[in-house]
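*Asks:* This is what each chain is made of:
There are 4 protein chains.
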Amino acid sequence: MTTISIETLKDEYLRIRKCTEKLVEPLEIEDFIVQADTHVSPSKWHLAHTTWFFETFLLKNFFTNYHVFHKGFNYLFNSYYETVGKFHPQKARGLITRPTVSETFSYRKYVDEHILSLVEKTNQTDLDQIKELIEIGLNHEQQHQELLLTDLKYNFSFNPTHPVYMANDISDNSSSPQDLSFIEIEGGLVEIGSDGEGFSFDNERPRHKKWLDPYRLANRPVTNGEYIQFIEDGGYLKAEFWLSDGWNAVNKYKWQAPQYWEKHDGKWYAFTLSGLLPIDEYAPVTHISFYEADAYARWAGRRLPTEEEWEHGLQHTPVEGNFADQGYFHPISKIKRDTTQPFLKGFGDVWEWTQSSYSPYPRNKPLKGALGEYNAKFMANQMVLKGGSCATPESHIRLTYRNFFYPQMRWQFSGVRLAEDVL
Amino acid sequence: MTTISIETLKDEYLRIRKCTEKLVEPLEIEDFIVQADTHVSPSKWHLAHTTWFFETFLLKNFFTNYHVFHKGFNYLFNSYYETVGKFHPQKARGLITRPTVSETFSYRKYVDEHILSLVEKTNQTDLDQIKELIEIGLNHEQQHQELLLTDLKYNFSFNPTHPVYMANDISDNSSSPQDLSFIEIEGGLVEIGSDGEGFSFDNERPRHKKWLDPYRLANRPVTNGEYIQFIEDGGYLKAEFWLSDGWNAVNKYKWQAPQYWEKHDGKWYAFTLSGLLPIDEYAPVTHISFYEADAYARWAGRRLPTEEEWEHGLQHTPVEGNFADQGYFHPISKIKRDTTQPFLKGFGDVWEWTQSSYSPYPRNKPLKGALGEYNAKFMANQMVLKGGSCATPESHIRLTYRNFFYPQMRWQFSGVRLAEDVL
Amino acid sequence: MTTISIETLKDEYLRIRKCTEKLVEPLEIEDFIVQADTHVSPSKWHLAHTTWFFETFLLKNFFTNYHVFHKGFNYLFNSYYETVGKFHPQKARGLITRPTVSETFSYRKYVDEHILSLVEKTNQTDLDQIKELIEIGLNHEQQHQELLLTDLKYNFSFNPTHPVYMANDISDNSSSPQDLSFIEIEGGLVEIGSDGEGFSFDNERPRHKKWLDPYRLANRPVTNGEYIQFIEDGGYLKAEFWLSDGWNAVNKYKWQAPQYWEKHDGKWYAFTLSGLLPIDEYAPVTHISFYEADAYARWAGRRLPTEEEWEHGLQHTPVEGNFADQGYFHPISKIKRDTTQPFLKGFGDVWEWTQSSYSPYPRNKPLKGALGEYNAKFMANQMVLKGGSCATPESHIRLTYRNFFYPQMRWQFSGVRLAEDVL
Amino acid sequence: MTTISIETLKDEYLRIRKCTEKLVEPLEIEDFIVQADTHVSPSKWHLAHTTWFFETFLLKNFFTNYHVFHKGFNYLFNSYYETVGKFHPQKARGLITRPTVSETFSYRKYVDEHILSLVEKTNQTDLDQIKELIEIGLNHEQQHQELLLTDLKYNFSFNPTHPVYMANDISDNSSSPQDLSFIEIEGGLVEIGSDGEGFSFDNERPRHKKWLDPYRLANRPVTNGEYIQFIEDGGYLKAEFWLSDGWNAVNKYKWQAPQYWEKHDGKWYAFTLSGLLPIDEYAPVTHISFYEADAYARWAGRRLPTEEEWEHGLQHTPVEGNFADQGYFHPISKIKRDTTQPFLKGFGDVWEWTQSSYSPYPRNKPLKGALGEYNAKFMANQMVLKGGSCATPESHIRLTYRNFFYPQMRWQFSGVRLAEDVL
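Residue numbers (my numbering), protein chains in the order written: chain A, 1 to 423; chain B, 1 to 423; chain C, 1 to 423; chain D, 1 to 423.
Chain A with its partners taken away, still in its complex shape (with noise of 0.2 angstroms):
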């Protein structure tokens, strides 16, 4: 990005700034408040930290004689940077009614109006340094526009009128799925990781070499419909399919089938950013944990993908498919894409639940200082995903991006693309 123009990053950064601006746009001001357990936020809190991200790692480093908008802010609106200095508790983000909506899209304007002044006023020296950080400012900023739809979904969820953040008819997008096939990849010690063109995380490099025995990949992600006959077959009442730490899960949260899906009548409907949906069976299975992504590839004789397995196996495959930008908010069923390819849906719909657990690279090193926090310090008990969802911006995703949550968590738009070995 260091090459790119000035001209080009401005309009870039406001093209950025401003997606962020039209997804809340449909909200109500009362929509921006709640925070309905602790690994969501509000909405308001989305709009605010991305701001403080940009205050506090470029206009307090590099703007000459910057004033912070409201000293309260920073800690406020910092998330977790430990070495940036003590921030609120992550849980009570849904206590803060003030700065309200409108003195925070203030906060906002403040915030770019410097930031643009910055990028035209500063010398030749920082310039590259400017440009680097605003990419990861960028790049945050789009990790936040899938996380305030997740968080909204999940705020939502709760309550029993059943909101509804946009209107659309989901169904007109189903259509029959192509069959499940398993495409056969050679595997050998093959390279995996960032090259280092164009952007990436910290987490995604360096580019270091992995063995790999022959697999299959499945085709398509695993569908509604693949996924209600384990359901229909017991798979949540039988231990046999479950890693220990999943069952206790299932008997803890008592779950009987994926996030959101409620059974009237005996047909399953499933909550959607378009209020509540019936399943569409056809539609890549959504908002499911590891544990029950990894319990479904037991009980269908198959196993998940190790990330490095997906990452080598779609190597060919374009970034293409159901994303933010196509404005559904749901995975479909419909497929928009040249449909030679061997890979259906390998990007876009949902984040798919890999069996590697999140951990460094060979020989990889974090970046220094604070924005050092920004991955490293996670890679513990959490698992890697692939390949993008249906709230995840197109410009944000690429093959060697590696997303991690908690074997647990469902708010996301997490599904599952089976693997197996070749014998």
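The hints are simulated quantities; they were obtained by calculation from the structure and are not laboratory data.
One should not assume that every hint holds.
Any copy, or any two copies together, can satisfy a pair, since identical chains are not distinguished.
Unchecked claim - In the DSSO-like style, the derived pairs of lysine-lysine whose C-alpha atoms are separated by at most 30 angstroms in a straight line are:
no.: 1; residue 1: K267; residue 2: K86
no.: 2; residue 1: K254; residue 2: K22
no.: 3; residue 1: K91; residue 2: K238
no.: 4; residue 1: K254; residue 2: K238
no.: 5; residue 1: K252; residue 2: K86
no.: 6; residue 1: K252; residue 2: K368
no.: 7; residue 1: K71; residue 2: K109
no.: 8; residue 1: K121; residue 2: K252
no.: 9; residue 1: K22; residue 2: K365
no.: 10; residue 1: K252; residue 2: K263
no.: 11; residue 1: K10; residue 2: K131
Given the coordinates of chain A, assemble chains B, C and D onto it according to the supplied hints.
*Replies:* Chains B, C and D alone, transformed into the frame defined by chain A:
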């Protein structure tokens, strides 16, 4: 109330309903939504629940062909009436963003219009019952006016920027308190409870006999200055002053001072509805639990009064003082009444904890039907408080009024008046 | 007691101390150790704590040059006397395997020898005080005899093999109960509490006046058969019978019957100290909480008596019945006393919940010093029970005795006697 | 093992079973019963569960007309085998006093006799399978020998009188450690896992290829003295060294030093199976969590090795060291082996945390049937440890052995060996 005219009834209805709406005028939309703990409710919920009360107990029963405003509201805004139907979990009230605040006001308007119409059109047969239910509904509304204020204060207190509800210069009202003295009361076989004149809740009835040994009651509540002596004497560190459950609470919640108190540079401040203010050492101490009131009394070599001692002792004291109507929303030290009265600050400023657990009066009969749940089912584990506070509407309080809270609760404007035996 | 001879005192001391040891004779070493929940204690702890009581309040204060048996025991076996020093957390008593049971018996022997020696050698000045403290210590020992039995039962109940403490054929004692009837009592200005004759705890004093309206008391406690009707009528499923806190307890703990009850093939059984036995429908129901007692009474159209109604009503009833001395350790239906008495089963079998919260009598003064912690600091959130149970030593109980437990507690032999107003 | 003779098999069976019984010889009956937390078990339970294992997987399947010792034991002593049937909750193992210890020894004797009889009488067809199952059972028994010791230590640690299991003068074994150095290892495409020679668990198989970049491994684990430097440098106070989940653990559990450490008069002591002893600064640090191991490594500018780096690096190191057989039951600084080896203390003393999460090897197949639950279902959220400890039986450990625990666990003898990249 059954003797008042329909016009007076309508005026009183509108006056009290408007009071509620006036209380929320200073709020931003965002402020209406949050709930910082299970025992407090969002302002919006109070607006809606009080309206649901009229809809449920009046319109549904007496208004011919009444159409409910929204069929989801009976679930959302029923507080705890099991016999009315299932209700939304109390702890999740802060997750509900729809209906919006604006829709909630429409709900109020819709119900108000129907109530006024009902009163006008009703036949003579139902009129007495309707008047009685409206009276209960208005007293209920006033209780929620007080809760709206105390809950708002609690919710605001979690915001590190100390939001201001209404900027009062409370320090203007500081004046040295009258010396503490104890007034001797003879006791004997006295009568306690409502004699049926004027409105009373079912828990204040029937008037009944009670034997009281001679005792003394303090002329005024304990002040902040006196309470600070208790703190400075290590009151919160010495088990000997505390009930066992109280000592457990001290350690569990790490209490070191009343709720909302903060020490800065060796000086005590408290968060108030007017923001963070220095402690007025002459004003009554407030936001203390029953356990703290009791521990203070032991430390002072005194005890708490029983509810009957309080009621009998103050039977001739006028119901005057610092109520919500004054608009301070905080206890003040200045006294605005006839100081020739033996009891100063008998009513208003702070609810006064008694040593009496909340239990039924002899031969007490709760109201029939769902309204029997209003008071009776809470007669376990709670303590009686007397006298009203700076957040109580003046027309709501009376000598026989029995308020009740769990002994660990501190978010009400609760304080303490000392008593002692005559030996 | 200060008038009894030294010989009698020594005999009484040895008799009661030996009672405790006799109670544990049927136990295996392993049984002495466990603690299934915070509110119960291991048998070994009871053996040691009662001994610590004599060591602390007598030997350390009066025995010249007394050497403690083990310097770690003051920490380990102090129960809750804050003014005596820090103590081992109550919830961790079941983790202590050393001292062994054998060493604990040595501790008892050591202290017993020193107490006997103290009584003999003491000068006249201290003798009255020593006699009084020994009397308190022996009453304390008897309380722990009852707790030892109820705690053992609770601990055993977690073993799916249903261990037997003592094989009694309790069914031999089944006989049809007298018909339920209600005895009218006039009330008026009565006197309640201990008049100072004989031993009493500080919480039973002073004798004081109390006004009672006329009332009726049931001639006997509620039976299992009657309680089963409540269960079968959906008593545990209908909120209308329950206090709010009680209904929460029903749902939190999933109560469906008294503690220890199990249904097999449509028939009720209960775990007893004699193993799993069929319910005797004629015996008093036991192991119910205050909430269940109260809900049963509402279902039956009656109410619980106040503690004063109970005490006044049974003032002429002989203190006879099924106590620990009989060795059943379970309520029985057969009645062994003069059936011309109006109240059958007035004492023994089951502690009877009253509607009175445990609070100080007017002008009550707790004992001075650490022994003031014995009773007074528990005067919050607990309810008074009267009459003694099948696990109470007969010489320990009396008319004015006030037992107290939290309203959700069920591990004591607690039952219910109905009352009603005379209208 | 299928090639060994029946006599050798019987000898080995008796030898290992007797080892377990020898370990509990120093215990009092009381010590066998308690369970201080869910993750530890009473000694008695270990004695019974290992016996249940032989009864369940051998006698019930192969011994004609076998009668179980007690029909309640399948429920009580099944640990977690869902496919075998329902089992007693893990957290409640410390509440079971019956069977007594003596009865548990009878159970062992009964099963031992039947196993020996089974081995003698079995036909040739079943013999290989029986030999294999006995081998698994004996390895299982050895795992529980280690757990018995670590659980006992944990349970004892809650007794403020510091019970002594076996009085060793561990300080005799103190000697200055070899200087810390790093041994460079070339890596490349190496092979990892068991080749099928000798016994291995299913989780060690199959042997498979793994690419390793060149790296360096420390010649010995980190010592107490080195770890104290980390503590004194504020290691437990600085978020920057910690994984996010680790930092949460530090704050939640208030960690300030390894488990069992206490500071008295400025000097560190640790509770050991020989009582409270001064820290030997030259011995390997132990009882640290994965998070502490990882934080120490970051503080030291190094990292943890992967499990494959550990296994490949130590492939030529003899399996010698301080194991349970030595009887110290604590890491010691004295080295008893050939010091010309590059790796000192490669095995024994402490389990060494790796940065590898416990997951299946490529193409791994768990055992069929219930024994497939032995290892495979735990492959989530746990980390791999290598090398065995001072509580591991020497004949139980090997290069390819994969131990696994949750990253917050500290009750095992767990330590840390540093690694670093070759750049």
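*Asks:* Under a CA distance limit of 30 angstroms, which applies to K71 and K109: within one copy, between copies, both, or neither?
*Replies:* within (17 angstroms within a copy, 41 angstroms between copies)
*Asks:* Within, between, both or neither: how does the pair K22, K365 come out at a Cα-Cα threshold of 30 angstroms?
*Replies:* neither (36 angstroms within a copy, 50 angstroms between copies)
*Asks:* Are the CA atoms of K267 and K86 at most 30 angstroms apart within a copy, between copies, both, or neither?
*Replies:* between (49 angstroms within a copy, 24 angstroms between copies)
*Asks:* Is it within, between, both, or neither for K252 and K368, if the alpha carbons may be no more than 30 angstroms apart?
*Replies:* Classified as between; 27 angstroms across copies, 40 angstroms inside a copy.
*Asks:* What label fits K252 with K263 when the C-alpha limit is 30 angstroms: within, between, both, or neither?
*Replies:* Cα proximity of K252 and K263: in one copy and across copies (20 angstroms, 26 angstroms).
*Asks:* Pop the pair K254 and K22 into one bin, within, between, both or neither, using alpha-carbon distances up to 30 angstroms.
*Replies:* Neither: 37 angstroms inside a copy, 44 angstroms across copies.
*Asks:* Give the relationship of K254 and K238 under a CA distance limit of 30 angstroms: within one copy only, between copies only, both, or neither.
*Replies:* both (13 angstroms within a copy, 25 angstroms between copies)
*Asks:* Using 30 angstroms as the alpha-carbon threshold, which applies to K91 and K238: within, between, both, or neither?
*Replies:* Classified as between; 22 angstroms across copies, 34 angstroms inside a copy.
*Asks:* For K252 and K86, with the copy left unspecified, which applies at a CA distance of at most 30 angstroms: within, between, both, or neither?
*Replies:* between (33 angstroms within a copy, 17 angstroms between copies)
*Asks:* When no copy is named, should K10 and K131 be tagged within, between, both, or neither for a Cα gap of at most 30 angstroms?
*Replies:* Within one copy, since 10 angstroms is at most 30 angstroms while 67 angstroms is not.
*Asks:* With identical chains, the pair K121 and K252 could be close in the same copy or across copies; at 30 angstroms between alpha carbons, which is it: within, between, both, or neither?
*Replies:* For K121 and K252, the Cα distance exceeds 30 angstroms both inside one copy (56 angstroms) and across copies (47 angstroms).
In this structure, the earlier hints numbered 2, 8, 9 are contradicted, and the remaining ones agree with it.
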